[in-house]
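Chains A and B, in that order, give the protein sequences.
For our numbering, add 596 to where a residue sits in the first sequence, where the first one is 1.
For our numbering, add 28 to where a residue sits in the second sequence, where the first one is 1.
Just so you know, not all the hints are guaranteed correct.
Claimed, not checked - Taking lysine-lysine pairs in the DSS-like style, the calculated list, with each CA pair at most 27 angstroms apart, reads:
1) A:731 - B:56
2) B:75 - A:763
3) B:272 - B:324
4) B:75 - B:37
5) A:763 - B:56
6) B:272 - B:199
7) B:244 - B:339
8) B:209 - B:259
9) B:268 - B:324
10) B:56 - B:75
11) B:37 - A:731
12) B:37 - B:268
Unchecked claim - In silico negatives: residues of chain B with every beta carbon more than 10 angstroms from chain A:
13) 121
14) 125
15) 217
16) 327
17) 330
Hints in this document: simulated from the structure, not taken from any laboratory.
Think of the CB as a built atom: it goes at the ideal place given N, C-alpha and C, for glycine as much as any other residue.
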Amino acid sequence: MTINELERIASQVRRDIIRMVHGCQSGHPGGSLGATDIVTALYFDQMQIDPAHFRMDGNGEDMFFLSNGHISPMFYSILARRGYFPVKELATFRRLGTRLQGHPTTAEGLPGVRIASGSLGQGLSVAVGAAQAKKLNGDQHIVYVLMGDGEQEEGQIWEAAMYAPAKGVDNLIAIIDYNKKQIDGPTDDVLSLGDLRAKYEAFGWYVLEVSGNDMHALVNILKLAHENTHQGRPQLILAHTEMGMGVDFMMGTHKWHGTAPNDEQAANALSQLEETLGDY
Amino acid sequence: MDFTIQNQKDTRSGFGEGLLEAGRRNPKVVAFCADLTGSLKMGDFAKEFPSRFFQTGIAEANMVNMAAGMALSGFVPFTGTFAAFATGRVYDQIRQSVAYSNKNVKIAASHAGVTLGEDGATHQILEDIGLMKMLPNMTVIVPCDFNQTKNATIAVAEYDGPVYLRFGRPKVPNFTQVDEKFIIGKAQMLQEGTDVTIFACGHLVWKAVQALPILKEMGINAELINIHTIKPLDVEAVLKSVGKTRCVVTAEEHQRNGGLGDSIAQVLALNMPCPMEMVAVNDVFGQSGTPDELLKAYHLDTPDIVEAVKKVVARKQ
């Protein structure tokens, strides 16, 4: 897929995010907008998957886990646009009886979701387990996991970060959505993450960095990371992103972490995002 | 029921043998352990199936979530650590990634209750049954001796869904049948009687067995049922028995809050209110001591069951 095509998909995903969060007047637009390019590149370019025949076990295909489950609008939009379930179902986000729960779950049987997430810090461990399962099965496919940066404050992350290199889990590519913001403010103010790159490197990871809202750079780094798999070490991509990317008044602040836009704000946001694939 | 003691064995060794057997029967059975391989008796499995055994180090949260990640690919992972660390320490991980996500993870928990002994209250969890039974999708199993723990482990490996399997440290009388098929959710009738029903689980089952002849001498014909599956509870068996005896004693190595007695009381309150006494720890923490000393100190011994029976039978009249 060309960079232009991927960018057009990302634009539609961003429209979906705004419309979903506005529609139910709740949810997390900021992080969703910021991470859109990363997950678009994964699902529409990098990953070998079979959306029409979703298998919970993920055998014989690449797998993706969303650890920071609160950016579910982005995840749901991409799953729908990729063909896991009907796009029109996005309209049910966070409404009673929906498969699109506030945070992703397997309990409602939504194709594309393999485990619940929302309580932070668990996704990296789940991905390590899934990656080890692939090794036991002789499956050469890759396991991807996206984490938030604020989530790096959870102790469990570092249990998994210690385990994966020690045990040679080299079919795993973890990505941090490094927007440097969390609910209460900048991560540097809430609890500084320090030098994340140095920390992961000290734990034994091979670390790559990329501008996480540059589609061309993302596609290239994901290809590189894929080439690096099965060489003894897990990999981490530090993806430098902008929370609220694509909507001017949602950028440069942490205020839109978990706040829905009102009618006027939604209209303003949508005016900045081209409708490329048709709204749901 | 034949109450002949075959030997003295720890239930954790029953788990170890059961895990090995389950691993031989099904190549999808894998095991994780957080630096307690010897204590959990998982060494034989690790030796026979090194590629299917994962030493996680002292990192229980990571262990639980890795097991969930492996389960979704069709494996049957057991996680092994002490009951205190298998439940309370990782409750959120179990809740979100195992129970809510309905993953086929088997949480094997050893050294439960005061019979852990000298290590004291930090390790003697008495709240784990309650923590686990509150979770939707979770099955909670507390076998009573070595043979039953082995057979339960094999049954748990064949069952599809999250399971909490609780067992202990000390050597206790091994009296159930060697190859008795363990049926999850099916109460085990140990002695039929008419005057009172004793529902027991885990180590307290043998303590209740020992109460039977004492009660008989007093002219009390007690029924004894082993509730090895706390959840799902065999409600039919409970009501059938209590419909006959009309009074109940429960016995468990756990807090009164959240334990077996609490589950039985709920069924009876809703269906068949009747006098009931509970042999359990009542809202206190444990302490250091030998297992036998602690069972006495916390009123979890045979004389305590006898006293509870006398009391409840008197209340009935």
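Within a Cα-Cα threshold of 27 angstroms, do residue 272 (chain B) and residue 324 (chain B) meet the stated pairing?
Outside the cut-off at roughly 31 angstroms; violated.
Does residue 330 (chain B) sit more than 10 angstroms from chain A, CB to CB?
holds, 43 angstroms
Could you let me know if the closest chain A CB is still more than 10 angstroms away from the CB of residue 121 (chain B)?
Violated: least Cβ distance 6 angstroms, not greater than 10 angstroms.
Say whether it holds or is violated: residue 217 (chain B) keeps its Cβ farther than 10 angstroms from all Cβ of chain A.
Consistent with the label, residue 217 (chain B) stays out of reach of chain A, its closest Cβ about 36 angstroms off (over 10 angstroms).
With the threshold set at 27 angstroms, check whether the alpha-carbon distance from residue 268 (chain B) to residue 324 (chain B) stays at or below it.
Cα-Cα ~32 angstroms, so violated.
Pair hint outcome, residue 75 (chain B) versus residue 763 (chain A) [Cα-Cα no greater than 27 angstroms]
Since the Cα atoms of residue 75 (chain B) and residue 763 (chain A) sit roughly 18 angstroms apart, the hinted pair holds (cutoff 27 angstroms).
Below or equal to 27 angstroms on CA atoms is what counts here, so check residue 731 (chain A) against residue 56 (chain B).
Holds. Residue 731 (chain A) to residue 56 (chain B) sits at ~13 angstroms (cutoff 27 angstroms).
Non-interface claim for residue 327 (chain B) versus chain A (Cβ beyond 10 angstroms):
Holds, since 38 angstroms exceeds 10 angstroms.
Does the structure keep residue 272 (chain B) and residue 199 (chain B) at a Cα separation of 27 angstroms or less?
violated, 35 angstroms
Checking one constraint from the list: CA of residue 209 (chain B) to CA of residue 259 (chain B), max 27 angstroms. Satisfied?
holds, 18 angstroms
Hinted pair, alpha-carbon criterion (27 angstroms max): residue 56 (chain B), residue 75 (chain B). Please report holds or violated.
Satisfied, since the Cα-Cα distance of roughly 16 angstroms is no more than 27 angstroms.
Keeping to a limit of 27 angstroms between CA atoms, is the pair of residue 75 (chain B) and residue 37 (chain B) held or broken?
holds, 22 angstroms
Figure legend: structure checked against the earlier numbered hints; hints not met, in rising order: 3, 6, 9, 11, 12, 13, 14.
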